[in-house]
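S.K.: Following the hints, position chains G and S against chain V.
Chains as they are written, first to last, in our numbering: chain V, 1 to 103; chain G, 1 to 502; chain S, 1 to 652.
No wet-lab data here; the hints were simulated from the structure. Quantities reported herein were computed from a predicted structural model and do not represent experimental measurements. A couple of the hints might just be wrong.
As the list claims (entries may be wrong) - Partial chain V-side listing against chain S, Cβ under 8 Å, derived:
#1 L21
#2 V24
#3 L25
#4 E74
All C-beta atoms, glycine included, are put in the ideal place defined by N, C-alpha and C.
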Amino acid sequence: MVALSLNASLLLACMLFCIGLAGVLIRRNLLFMLMSLDIMLNAAALLFVAAGAHWHDSGGQVMFLMILALAAAETAVGLAIILALHARGRPSLDADTGNLLRG
Amino acid sequence: MNPLPALVLLPLLGGTVAWLADRSNTANQQPTRNISWRITLMVLTLETVLLLITTFRHHTLPGPWLDHFSIPWIPVMGIAFQLDMDGLSLSLLWLSLILSFPCVLLATRQITTDAGAFHFLFLATLTGIIGTFLATDLFLFFFLWELMLVPMFVLISAWGHEDRHRAAIRFFLFTQGSGLLMLLSILGLVITHYRETGLLTFNYFALANTPLSPFLSMLLMLGFFIAFAVKLPVVPVHVWLPAAHTQAPTAASVLLAGLMLKTGGYGMIRFNLMLFPEAAIRFAPVAMGLGIAGILYGAWLSCAQNDVKRLIAYSSISHMGFVLLGIFTGSNTGLQGAIIQMLAHGLSTGALFIIAGSIQDRLHTRDMAQIGGLWASLPRLSSAGLFFAVASLGMPGLGNFTGEFLVLLATWHVNSIVAALTATGLVLAAIYSLRMVNRIFMAPSRTSPSHAKDFSAGQMTILGALMILLVVLGVHPQPIMTLSMPSPLSAPPLSDGGGDTQ
Amino acid sequence: MPYLLPLLVFFPLASAIFLFVTAGRLSARTVGWVATGAIGLSALCSITLACFFLFSAVPAPIHIILWEWMHTQAFSADIAFTLDPVSLVMILVVTIVGFLIHLYAIRYMEEEPGIARFFGSMTLFVASMLVLVLASDLFCLFIGWEGVGICSYLLIGFWYENPVNTAAARKAFYMTRIGDTAMLCGLLLLATTTGSLHIETLLATLHAGQIGPDVLTAATLFLLIGALAKSAQIPFQTWLPDAMAGPTPTSALIHAATMVTAGIYLIARLHELFTAAPLVMMLTSIIGALTLMMAACTALVQTDLKRILAWSTISQLGYMFLALGTGVWQAALFHLMTHAFFKALLFLTAGALIARLHHEQDIFRMGGLYRTMPGLTVAFLAGASALAGLPLVTSGFYSKEMILSSIWSAHFPLLPGSFPLAHILWGIALTGAFLTSLYIFRCIFIVFFNTHKTESTGSTPRLMAIPLACLSFLSLFGGVIEMPDTLAPIHLFTHFLSAPLPHAEEPVWLLLAGASAPIAGVVIAWVLWGRATPVMQEIPGQATIIRVAKEGWGVDALYAFLFVQPFRFLVWLTRHDVLDYLITGIGRMVRAISSFLEHTRTRFLTLSSGRTTLLLQSGDTLLARVQNGRVRWYAAWIVAGLCAALASGVVP
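Bound conformation, chain V alone:
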């Protein structure tokens, strides 16, 4: 197995992050936005793992686990919000319609 160099993994993480970011900024669908957020988190996690491997530090993997947990929690909260909106009678996944307070 060829060990991925740090630069390559950094590049990969950046690309991933940019993809995620573009998703967040461009897509209007809340589900897609959540997914794009997860991509951005994963890019960050990848960076931690790569850095940990490079400097032989286990902290990187620990941080990966924590980000994983965070991503799960975030997704859970995001889905819950979507469900709550749905339950209150606004069956749209368009993020831009929810810009008014008190609905």
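M.R.: Here is chains G and S on its own, set in the frame of chain V:
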């Protein structure tokens, strides 16, 4: 027991008592209406007794100073309640009391509105004046100097005539503003003294020995000079005087002209000449020029006035010009002339203001054209007026001439042309005095004031006493001249002098 | 004896004070008698002193120092009296003539309401005059000098109800005051030079040569101005005719007999000082000559009886100044004495006459009075002939002759010997004598002879007649104590003064000329006005020259134009205090500036705050746009911020 602090504080306390007595008596009107007046008279009598004691008690102090009193007041700042008396103070104190009596006897009894307050303020002003003549702590001096302004301001603005507020404010602004300059000078002197010796004190005798650079001493002297010049008054800053004298009630006019102006002259002698002798000599030509300007300018304007009180006020400016001239001639003759002139002017002008005030009380006008001849209806008042007018024109044999003669003599020593020029002021004096006499006393009577009452015999006696004093000053001034010379600084009284510090 | 000197002054002074204090409470008679009694006591004192002086073996001057007036390092003066022959002559004149005039005034002023004021001022005047005369210190003299001035002011303006009288009084006082100021300057100059004004000290200093000639000339010039003003000489002559507004006894006592002679007395007193200043002496004599000529001419055309006498007084004083200027102060003093007698007599007679004619003073409305009032005619004639100096029988002849003869031989050291100033002056004086006789006899012929014109009432009371008789006697025979050598070697007066005139050989024609001039005057006066059909029917204001001369040669108008009007105008112009305005103006300006500044500040603040609000509002809207609630925009902002942060990190 040293009588000096009592001399200063008695009028103030007496005034308070008079005020309170009057306030508590407002309920039952008629019988006790004059209670404050009576108390004032009592206070003045007591004060006279005190002054007699001071004059004739055995003076134990070595040196020329007659009496000394000192207790610490604000020890941290080196401020003491320190009073000293020499011949100059003593003679001016006598003048103050002698003039206060006619004031109270002839002028303040007519005050019916709020008489208690009036007498309180009157006595408070007197306290300020008496204190000013005695204080030898510069801070105390300044304090008393300002103390006499406030009651006088109220007297003018509350009991004055038609244009009183303007006059009072002008009076206050001028004197107060110049007083601040003096405060600056005092502080400057004290701080310089502190820097030089490390001793923080406001003591006059200590400060007299402060080494000063010529520039600084000139600067400090000017601060004092301006304050005193406003009070004296010297010509460019005399503007407050005619208005204040004219608008003030009679008693306040007498206090202003008779006494308050003298504090200016006293201050110049005591502080300008004695604290800054070199600077005073360098400044003398300017001061003498101002004095001559005052003599001629005051006399000239006096010739043009139609308001009798205003005429007297301008003549005061002219007379006080002689005082300024005499003080700065730099000789003893001139100094003695200035002192005699101050005393004589206090008596003659004070009496003239009393007479002008009486005319106003009777006829309710000060316009000479409307007053007309009074001799037929008020012969006593008119003859007294004639006498004092003649005194004020500088008749030899009366006090004013003695002062003017000595001043002119001293001036002649300095510069004969200047003295000759000054002497022309005497011609102008004749013109304005006799113009007044021929307008209001010896003239065809215009009004028929049948209700106007002439002076009673008692009142004439009081004025007669003033006349006698003027004659004495005129024909036998030597004892007063000897008495009233200011003591030199070289022998200051001991600051812990025996049992005096009670 | 010395204690009599202060008493001499004390009696009139005390009575003056008494009269002023009790004014309005005593009856007119009492007032008059108190005053007269006081002067009488003074007169007794002076007669006693005179006797003492005459009969003592060695008449030494009496000095008495009452008290020290002042004593400083540079100057000392005393209130001190000296009685020497000069002052003795004066006190005799003042007290005796004063007493007679007071006696006369008791009746004359009886009806006046202000009689206490009148007698108070009169006695005060006598006291001041005595101080002036007795003073041994020039300062003390100055007290009396000004004192007589103020009394003269009070008495001229006695009838103050008429503004003309008070104006005349003020005029007299102002003019003499100008002279007094000059005299004060002279005193100051002497005092600073010698440190004392004591006359003896002054003279001692003079003889020791310690007074420089310049100082001496200046000082004597100043004193001369004072004397000229007091004695109404050119250029101060205008006040004396106006001073006739006062009651007649005042005119007699003050403006004829005593006060106006104070100037002569001063110079006679200080004659040693003046002799040392030849320039001033020459000036004195020239002024005296001019004055005597001018005043005699003016008197010739007057129509008011009292004014004739006033101008005549000025003219006679001119004689005395002429005598002083030529150095014969004894003659001046002698003429002063006789003049006091006859001029007082003339005034008192004129007063009695005018009172009986219902206050008519115009001589052309009188006439033929010798029939109704023979006594007054005799008295007036006595006075007039003394004034004219009719030879041998009048006192005026001897005194005027003494002056005339001494002028002829006078010597002026400043002039080259060939210039006959003395002779010119003599000629003027002689012409003056002729004119004097002419004008006074014109007056006599018009008033007493001629046709009867006015009704006169009453008769002259005895109390007024007695003084007239006494004065007539003195006018006629008061001069025999000194005679020209040509007539008889009687020199009592100059011996009494212990200053005999230098014995000069006088030609007889000099005396004859002096004697014939007055006689010529009388004759011509008789020709012109004395006969039943007068040659010259005068109509007042006929010729311009007469009109001008009558008004005192227009000097009054000139002074009014030169001094009085400009002074009044300037005073009127500056009646408001310029400095007052200046300071009020500065105050106003400061107030205007500060209100302007405040206004500007307010506007600026308003403007700027408005702008700021606007700016903030627009900023608000802008920022509010950002808060659009769209999650994606927020995210975009986050990214942009991140980018900016990174960029700022990368770019240094």
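S.K.: Against this structure, judge whether each hint is valid.
M.R.: Verification of the hints:
Given the 8 Å rule on beta carbons, the hint for V:L21 holds: about 6 Å separates it from the nearest Cβ of chain S. Because the closest C-beta pair between V:V24 and chain S is about 5 Å apart, less than 8 Å, the hint holds. For V:L25, the suggested interface contact is upheld, since its CB lies about 6 Å from the closest CB of chain S, less than 8 Å. The interface hint given for V:E74 is broken, as the beta carbon of that residue sits about 14 Å from the closest beta carbon of chain S, more than 8 Å.
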